[in-house]
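J.: Residue numbers (full-length UniProt numbering), protein chains in the order written: chain D, 1 to 387; chain G, 1 to 256.
Please keep in mind that the hints were generated in silico from the structure rather than gathered at the bench. Any given hint could turn out to be false.
Capping the alpha-carbon separation at 25 angstroms, the derived lysine-lysine pairs in PhoX-like fashion look like this [unchecked claim]:
1) G:204 - G:53
2) G:19 - D:278
3) G:106 - G:176
4) G:106 - G:5
5) G:23 - D:278
6) D:48 - G:202
Footprint (simulated), chain G over chain D, 3 or more residues, beta carbon under 8 angstroms [to be verified]:
7) 12-25
8) 152-160
This structure is a prediction, so every number in the text was calculated from the model and none was measured. A virtual CB, placed ideally from N, CA and C, is assigned to each residue, including glycine.
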Amino acid sequence: MDFGLTEEQAMIVETTRAFVENELYPHEAEVERTGHLRMDLIKELQAKAIEAGLYAANLPEEVGGAGLDTLTWLLYEKELGRANYALHWTCVARPSNILLAGNDEQREKYLYPCIRGEKWDCLAMTEPGAGSDLRGMKASAREDGDDFILNGTKHFISHADLADFTIVFMATGEEQTPRGPKKKITAFFVDKGTKGFTVREGYRNVSHRGYTNAVLEFDDCRVNRRQVLGEVHKGFDVANDWLGATRLQVASTCLGRAERALAHAVSYAAEREQFGQKIGKFQGISFKLADMAMELKAAELLTREAGWKYDQGTVTEADMSMAKLKATEVLAFIADEAIQIHGGMGLMDELPLERIWRDARVERIWEGTSEIQRHIISREMLRAHGA
Amino acid sequence: MPPMKVLVPVKRVIDYNVKVRVKADGSGVDLANVKMSMNPFDEIAVEEAIRLKEKGAVEEIVVVSIGVKQAQETLRTALAMGADRAILIEAASDVHTDIEPLAVAKLLKAVVDAEQPGLVLCGKQAIDNDMNATGQMLAALLGWSQATFISELSIDGDSATVTREVDGGLQTIKVKMPAIVTVDLRLNEPRYASLPNIMKAKKKPLEEKTAADYGVDVTPRLTVVKTAEPEGRKAGIKVGSVDELIAKLKDEAGVI
């Protein structure tokens with residue numbers, strides 16, 4: 001068993017971290033304060049990210065990505081995750097792996113432009129009435145000759161305002177299963193500007209300033225059959241086949257910010273003096289630091305192990321849920337304690353801590369809530385006993 | 001003149017972000033489990049070599065590092081930036097052993113004799129012990145021209161025009177090639193080792209040698225008597241008025 005990084009992995013971490021610190025950190029304050037990411041800034045940073053080979057590095061080499069294995073990709077995600085989410089997600093985009101499921105025509109139209117930085121994608125599943133229970137979705141598509149007609153509403157759709165197209169999941173029928181009726185789902189590419197498709201400004205929220213969410217409305221929106229991603233009624237299969245590791249991506253980006261918060265806490269504890277000594281000398285503070293470091297390491301090991309198993313083909317749903325659950329909860333814990341160690345200063349936006357603390361909140365909700373992750377973990381345990 | 005080969009020596013040094021700690025016995029700086037990186041000035045030299053190659057003035061970039069085995073990580077970084085080939089000269093087994101400039105210069109001379117580069121681009125100094133001597137010594141050993149602390153470089157056939165950063169301004173000089181050029185901070189901004197190039201770096205050749213292969217004695221000639229941390233900065237003072245500030249700047253600091 002080897003827990004170390006290869007020379008190559010260490011270099012990838014170094015390049016990504018240098019990029020994040022030199023190119024993204026300087027713009028964080030602006031994005032945080034205005035809640036907006038300027039297009040000229042996006043273009044400037046995007047060009048640099050493409051030059052450094054960091055852009056779309058999650059995808060295979062054959063299509064223009066970096067061809068990283070899962071573990072290395074997660075190390076890269078961790079470094080990107082240190083920075084403001086809008087900045088790294090937009091300027092160093094990782095187009096969804098689901099685009100790889102497209103046929104040749106769809107790859108030309110959607111995948112390659114995303115890799116070249118000419119287009120952005122977004123994924124639309126969640127609805128006001130269908131969050132964790134995705135099968136409960138109401139938005140639907142009905143066949144009409146060579147077309148499908150889409151109707152319904154999606155919300156909380158990340159960066160849909162920026163995206164040039166969406167991959168939207170729609171109910172296209174129902175099937176009977178031993179556990180009752182189940183919706184059949186189909187995934188469609190829908191271009192922005194398609195008649196009957198409207199992107200409305202979403203909600204202002206506590207986490208990830210500058211990273212918007214939108215409401216998508218489909219009103220008799222007609223799309224050709226060629227826009228179906230994968231097969232009709234097989235939308236969930238496409239999602240399961242290609243979106244499997246997104247929980248690990250969330251886990252990794254959280255680790256990056258947790259490490260950043262911890263670094264601030266350690267250096268503050270080593271410098272700040274109260275009652276005649278460095279506050280790190282007080283057990284109340286030093287024990288916090290020890291717990292933060294230990295929890296971070298635990299979360300990191302869970303994430304790395306799941307990433308490694310992903311490449312071996314031995315990863316389980318529980319492995320990925322554990323990594324996501326632990327990393328997101330550890331981030332919340334570390335962000336909170338880092339602020340506690342800083343006292344009032346931790347709440348000021350001069351330091352990144354208040355936003356890391358705010359940003360931590362969404363991580364326990366999106367990509368499967370903590371409760372859903374616990375459900376997945378325990379379900380696997382109970383199933384072995386026939387329950 | 002046909003495109004030439006350029007040699008770039010790179011040193012593995014304590015990372016510039018690391019807070020340096022003196023060993024308890026004062027014998028040196030603690031390097032155990034400390035992040036090490038390529039000397040930033042050497043990184044600038046590698047970048048300049050790559051730019052020369054991109055302009056077509058250089059055919060091959062050979063990087064060389066002298067020190068402990070782990071220096072091969074530094075060489076890989078140079079390869080990932082865009083160097084073509086690397087030579088590691090293992091000359092120490094303990095990370096705390098510093099090879100002195102004269103020994104390094106002698107080893108580099110041996111490499112130059114074997115490789116026959118048309119140009120050697122070095123960092124002006126390493127940020128660990130700030131000797132600022134190797135480039136100059138190498139020029140003397142080879143009998144080549146030298147241009148130090150450069151912030152601009154242009155090669156034109158058998159001569160090079162360089163701008164040097166000197167006290168009080170910039171000096172432009174012309175040197176005959178082949179030459180030893182040591183680079184300063186403002187010459188360029190090194191690129192990131194791009195992800196595709198990092199992947200390619202592992203396939204580039206890295207030759208492993210030892211100091212003995214070149215018949216160079218690397219035994220230290222200097223003795224470190226004491227290593228101490230610099231004195232802490234004294235606290236500043238608050239002045240009550242602009243007049244007081246000006247008076248202090250005039251009379252005490254002597255800056256205006």
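J.: Measure nothing beyond the straight line between the CA atoms of residue 204 (chain G) and residue 53 (chain G); if it is 25 angstroms or shorter, mark the hint as holding.
T.: holds (17 angstroms)
J.: Is the Cα-Cα distance between residue 19 (chain G) and residue 278 (chain D) 25 angstroms or less?
T.: holds (17 angstroms)
J.: Check whether three or more residues of the region 152-160 of chain D sit with their beta carbon closer than 8 angstroms to a beta carbon of chain G.
T.: violated (count 0)
J.: Do the alpha carbons of residue 23 (chain G) and residue 278 (chain D) lie within 25 angstroms of each other, as the hint requires?
T.: Within the cut-off at roughly 22 angstroms; holds.
J.: Is residue 106 (chain G) within 25 angstroms of residue 176 (chain G), Cα to Cα?
T.: holds (22 angstroms)
J.: Given the proposed pairing of residue 48 (chain D) with residue 202 (chain G), does the C-alpha separation stay at or below 25 angstroms?
T.: holds (24 angstroms)
J.: Checking C-beta pairs, does the region 12-25 of chain D have three or more residues closer than 8 angstroms to chain G?
T.: holds (count 5)
J.: If you draw a straight line from the CA of residue 106 (chain G) to the CA of residue 5 (chain G), is it 25 angstroms or shorter?
T.: Holds - the C-alpha atoms of residue 5 (chain G) and residue 106 (chain G) are around 20 angstroms apart, at most 25 angstroms.
In the structure shown, a violation is registered for the earlier hint numbered 8 alone.
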